[in-house]
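**Student:** Take these sequences, add in the hints, and give me the full structure.
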Amino acid sequence: MVYVLLAPGFEESEAVVPTDLLRQAGLETALVSLSGPTVSGSHGITLCADLELSQVDLSNAEMLVLPGGLGGVEALWADDRVSALIQEAARKGIWLAALCAAPILLGRWGLLDGRKATSYPTRHNQLGKAEVLPEARAVSDGKFVTGHACGSAFDFGLKLVEVLRGEEAASAINDVIFYRR
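Reading the sequence shown from the start, the letters are residues 460 to 640 in my numbering.
Take the hints with a grain of salt, since some may be wrong.
Computed cross-link-like contacts, BS3-like style, restricted to lysine-lysine with a CA-CA straight-line distance of at most 30 Å [to be verified]:
1) K602 with K575
2) K551 with K588
3) K588 with K575
4) K551 with K602
5) K588 with K602
6) K575 with K551
By construction, these hints were calculated from the structure, which means they are not laboratory data.
**Tutor:** This is the structure in structure tokens:
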């Protein structure tokens, strides 16, 4: 199961595009709200969550995905349950993925130290002791995937498919959606 964590103020395309690509790859993917059945993004688009945070089960988790959107990122940071969940997932070797502003959370928790990573350009200095790849659209290092910005949502989503199901699966989806990587 892939869990996509949504907090009020998340960047909508950074949640929807990767979720769509993961589901196209046949990966069971759930949109998760911090509380309640719906979550509104930074541009007023409301998504229906599949689960609430209390229902996330790390025993069946392949990956946790953190979309950006500064409001959503700060809401995730402010929720101690999210910090505990991410830290436990990291200890268990579950893939962690973050896009745009969200990699700063992994940086704050020290999870990117010594790893290659990217993020929204004005957030590179908040990635802890990561080796920042400023021009990269999506980076995987160990069990971590980071993405550059909203405009990199397809690159990021395809990278998630690649690390979970292989390059062939990512290429097959890329061929269907006609994205130029």
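**Student:** Does each hint fit the structure? Answer for all of them.
**Tutor:** Each hint tested on the structure:
At most 30 Å may separate the alpha-carbon atoms for a hinted pair to count; K602 and K575 meet this at roughly 11 Å. As the CA atoms of K551 and K588 are separated by approximately 22 Å, the hinted pair is consistent with the 30 Å bound. Pair hint K588 plus K575 holds up; C-alpha atoms about 9 Å apart against a cutoff of 30 Å. This hinted pair checks out: K551 and K602 have alpha carbons roughly 10 Å apart, not beyond 30 Å.
Annotation: proposed proximity of K588 to K602 holds, straight-line Cα distance about 16 Å (limit 30 Å). A hinted pair counts as satisfied when its Cα atoms are at most 30 Å apart, and K575 with K551 qualifies at roughly 20 Å.
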